[in-house]
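What follows is each chain in one-letter form.
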Amino acid sequence: MRLEIGNIFIKDVAFGEKTEVKDGTLFVNKDELIKAATGDDDRIASIDVYITKPGDNTRIIPVKDVIEPRVKVEGKGGIFPGVVSGVEQVGSGKTHVLKGAAVVTTGKVVGFQEGIIDMSGEGAKYTPFSKTNNIVVKLEPIDNVKQHEHEEVIRLAGFRASNYIGEAAKDVEPDETKVYETKPLLEQVKEHPDLPKVVYVYALQTQGLMHNTFFYGADAKKIVPTFMYPTEAFDGAIASGNCVSACDKNPSYVHLNSPIIDDLYEKDGKDINFLGCVITNENVTLQDKKRSANMTAKLVELLGADAAIISEEGFGNPDADLVMNCNNLEEKGIKTVLVTDEYAGQDGASQSLADSTPKGDAVVTAGNANQLITLPVMKTVIGHPEAANIIAGAWDGSLHDDGSIEAEIQVITGATNELGFHTLSAETV
Amino acid sequence: MSNFYILTNNPMVQEKYPKITELDDNFSVGDIFAGGRNAIHLGAHLINHPLAGSIKPNQSPYKSLVLSDDKGELDLFSLKLIEGAIQVLRKFPSRSRPYDESILEDFQVVDLDLLDSAIDSLPYEYHE
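Protein chains in written order, with UniProt numbering: chain G, 1 to 429; chain V, 1 to 128.
Don't read these hints as lab results, they were simulated from the structure. Bear in mind that the values here come from a model prediction, so they are computed numbers and not experimental data. Just so you know, even glycine gets a beta-carbon here, dropped at the ideal spot from N, CA and C. Each hint should be verified, as a subset may be incorrect.
Claimed, not checked - Ranges of calculated distance between the beta carbons of each label pair, as one might list FRET restraints: (1) V:3 / G:87: 34 to 42 angstroms; (2) G:379 / V:123: 53 to 61 angstroms; (3) V:16 / G:43: 17 to 25 angstroms.
Please construct the entire structure, taking both the sequences and the accompanying hints into account.
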């Protein structure tokens, strides 16, 4: 499967008469965008759209999802197949990307929801989405929409908005083109016969309301682990419905831009032979966990991998899946590298994960979510500022009288992203 | 008859699963974990993960555990998970604060949904 990604660099975003890209500026017709985002959903009472740019004195809270506008130019299907496009096989042909633009959805699904993006100041350093030109879609549902529906309403409106904007990329010549290719297994194995064969085990958050992920529209808690060509992710085969734990959830933007997949492609043919991805889930029952971990190990073994990268999404429960996948694969003689973040306490001295294994001897951390930060007052707040006092990682009194917020970095969208799509790094002292 | 039960402090769970729920709405999350650990020491298997959901245990006041009716031999896997959850709860600073009714309801709904997600995937009779 071969996919060309054509990046169109967006340096600025503004409202305009027509939704189009002109000399690196994305113009958005606000009324058309609202109409496209609303679709036929009569559960929506109102949608408002805001534009905010890097350096603005602006806070977005609570952030539900971040989505990158893309469009299929050649090849089957549309972006987010099975969700807002037909359920065609994606991942081949050509896709254009409005690189530098993002759709951010905000709206209070439940009272305790978190997720902060600060466009400047100390907080901006901790989120990659302070560097994107953000088109913020704020949605309010009609009265009496229950939490389940509310989550779905905002989720789908965000995807519709992003796909509408993505259309503007269709006839624009990309500034940069990247080609990604994975051949059918037996051919791929022959490509680099002397290099170690690596599979990526891509675990998806699938615990329930506000903790769901969709694969071609299928609720991923109900799938058994399966093979995915890595390029499928770049066309939105994986769509996020996860809006809890802002720091370490994987927004749809991150699934579209998975740094792990990107890095594995980078190393393919040089250091490794990247065979593809096995997607698996993170369910709540131990029975489901065992089934998925066993199926994952079986698939990775069947693919003939020498090694596997395993990522997780979330905190606590998914640590068990991470450890089970590690143990099962290592027991089959397949080397593993684990990618996670940590909840090691504010001083960083506590046990980082809720589970562990001596076999997990190669682990990449995305940072400590309990680290403290003080976020300054912002002139403009898009969303629901009162959420600051009751979000995860904050406490009674977090919101100071002067409007600044003292909290743990887990309140910031993408601060300790477990696919590595974030700004924290380590240095040797 | 199902061969498992729910230990919870979430009244919404009691309403939905009255026949298989043991509710004590005075219990804290720590009390639910301790109750689960006691049952595990008597032979119960833990059926759902005690840290289900990304909402931290020092944030939501509600917790629901699904436990098997087994008595007898200690299941070390269940014990490891419940002890791990107790450690996590201990390491986080207390974040208790007065929530208003609508936020308490939201916490109950999410806890119930995570539990539904467990019950939905279980066979009528649980086998370990």
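Comparing the hints with the structure gives:
1. V:3 / G:87: 34 to 42 angstroms: holds (39 angstroms)
2. G:379 / V:123: 53 to 61 angstroms: holds (56 angstroms)
3. V:16 / G:43: 17 to 25 angstroms: holds (24 angstroms)
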